[in-house]
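Since chain V is already given, all that's left is putting chain G on it; use the hints.
2 protein chains.
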Amino acid sequence: MTDRVPVLKIGQILLVSIQTDLEDQMVLDLQEDLSQRIVDTNAEGVVIDITALEIVDSFVGRMLATIAAISRVLGSETVVVGMRPAVAMTLVELGLSLPGVRTALTLERGMEQIKRLNQNPTAIR
Amino acid sequence: MTDRVPVLKIGQILLVSIQTDLEDQMVLDLQEDLSQRIVDTNAEGVVIDITALEIVDSFVGRMLATIAAISRVLGSETVVVGMRPAVAMTLVELGLSLPGVRTALTLERGMEQIKRLNQNPTAIR
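Line by line, the protein sequences give chains V and G. For reference, each letter of the first sequence is one residue, going 22 to 146 in the numbering used here. For reference, each letter of the second sequence is one residue, going 22 to 146 in the numbering used here.
Everything labelled a hint here was simulated from the structure, so no lab data went into it. The reader is advised that the hints may include incorrect statements.
Think about it this way: if two alpha-carbon atoms lie no more than 25 Å apart in a straight line, the pair counts; the simulated SDA-like pairs of lysine to any residue are [claimed, not checked]: (1) Lys30(G) with Glu65(G); (2) Lys30(V) with Pro106(G); (3) Lys136(G) with Arg137(V); (4) Lys136(V) with Pro106(G); (5) Lys136(V) with Arg123(V); (6) Lys136(G) with Asp61(V); (7) Lys136(G) with Thr62(V); (8) Lys136(G) with Val94(G); (9) Lys136(G) with Gln134(V); (10) Lys136(V) with Asn139(G); (11) Lys30(V) with Asp61(V); (12) Lys136(G) with Asn141(V); (13) Lys30(V) with Arg105(G); (14) Lys136(V) with Glu65(G); (15) Lys136(V) with Thr127(G); (16) Lys136(V) with Glu129(G); (17) Lys136(V) with Arg105(G); (18) Lys136(V) with Arg137(G); (19) Lys136(G) with Asn139(V); (20) Lys136(G) with Asn63(G).
Now the in silico label distances, taken between C-beta atoms and shown as ranges [to be verified]: (21) Thr41(V) with Asp61(G): 52 to 62 Å; (22) Pro27(V) with Leu29(G): 39 to 49 Å; (23) Arg83(V) with Leu29(G): 38 to 48 Å; (24) Thr62(V) with Ala73(G): 14 to 24 Å.
Computed footprint of chain V on chain G, listed as stretches where at least three residues anywhere in the stretch have a Cβ under 8 Å from a Cβ of chain V [claimed, not checked]: (25) 103–113; (26) 120–134.
Where is the CB? At the ideal position from N, CA and C, for every residue including glycine.
Isolated chain V, as found in the complex (with noise of 0.2 Å):
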C-alpha cells in the first residue's frame, strides 16, 4: 500500500504539490493519475510545486522530465515552481539542468506562465 500523492484542479490548472520524498512506485501512480485526468478535465497546463522538496536528485529529476514530456505530448504545458535556492545550485552543479521542462519562481508566476504559453504557441520543440 503506498500513498498518492494529490492532483488538485484550479481554474483549467492541474495543481501537483509534492510533500514527501517520492518512492518509484508513487511516481508511477502520479504519472498514471495526471495524465488521466489531464485528459479528463481537458486542462490546460500542470503546475509542479516543489517547495517542500530540500532534495532534488536525479530521480526526481528525471520524473519532473517524464512528467513533463507526457504532458506535453498530451497538448499540456508543464512547469516546475518552488524550487529553493539551495536545490537549483545542486542540481546544476550535478549537472541536471532538467532539459524540457519549464521553471517559475512562484506558483502564480507558473500559472500566468501556462495561461501566455495557451495564447502564444510556441514554436516547436
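Below, chain G alone, put in the same frame as chain V:
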C-alpha cells in the same frame, strides 16, 4: 485494394480522423491525398484525430511526424489531438515524444491552436 483514410474539410482546416490501424499503403495514400488537399484547398492547418487509436507505436509516431513535416513545408500547421493517457505514457516510456509534432487535448483546442498560429506566426524553425 486498400481503404483510404478520409480527409474532411472544416472551414479552412483539414481533419483527418484515424479510425483503424494503418497499413503501409494507407499511410502513403494518406500523405499523398493530404498534401494534394492542402494545396487544392489552401488550408490553414491540419488536425489529425487519434482518439480511436489504442496503441501508437514507432510506425504511427513516424507517420505523424512525416505528415507534420510535409504540411509544414507546404506552409500549413499540423496538430495531433485525442491522444489517450495510456498512449502518452507509453510513447514517453519508449522515448518517442513526437518531436516536431504539435498536440492538443481535443479537436476543439486543436482547431483553436491552428487559428492562433495563423494569427501569430512563430519564429523560423
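Is the straight-line distance between the alpha-carbon of Lys136(V) and that of Thr127(G) 25 Å or less? 17 Å, holds
Is Lys136(G) within 25 Å of Thr62(V), Cα to Cα? Status holds; Cα separation ~23 Å.
CB of Arg83(V) to CB of Leu29(G), is that within 38 to 48 Å? Given a distance of about 41 Å, which is inside 38 to 48 Å, the answer is holds.
Given the hint that Lys136(V) pairs with Arg123(V), does the C-alpha gap stay at or below 25 Å? 13 Å, holds
Given coverage of the region 120–134 of chain G by chain V, checked by CB-CB distance under 8 Å (3 or more): Coverage by chain V holds for the region 120–134 of chain G (11 residues, Cβ < 8 Å).
Between the alpha carbons of Lys136(V) and Pro106(G), is the straight-line distance 25 Å or under? 22 Å, holds
Lys136(G) paired with Arg137(V) [C-alpha distance capped at 25 Å]: 16 Å, holds
Does the Cβ-Cβ separation between Thr41(V) and Asp61(G) fall within 52 to 62 Å? 57 Å, holds
Given the hinted pair Lys136(V) and Asn139(G), is their alpha-carbon gap at most 25 Å? This hinted pair holds, its Cα atoms lying about 19 Å apart.
Compare the distance between the alpha carbons of Lys136(V) and Arg137(G) with 25 Å, and conclude whether the hinted pair is satisfied. Roughly 14 Å separates the two Cα atoms, so the pair holds.
Run the distance test for Lys136(G) versus Val94(G): straight-line Cα separation, threshold 25 Å. With a Cα-Cα distance of about 18 Å, the restraint between Lys136(G) and Val94(G) holds, given a limit of 25 Å.
Is the Cα-Cα distance between Lys136(V) and Glu129(G) 25 Å or less? Holds - the C-alpha atoms of Glu129(G) and Lys136(V) are around 17 Å apart, at most 25 Å.
The structure is consistent with each of the numbered hints, conforming to all of them.
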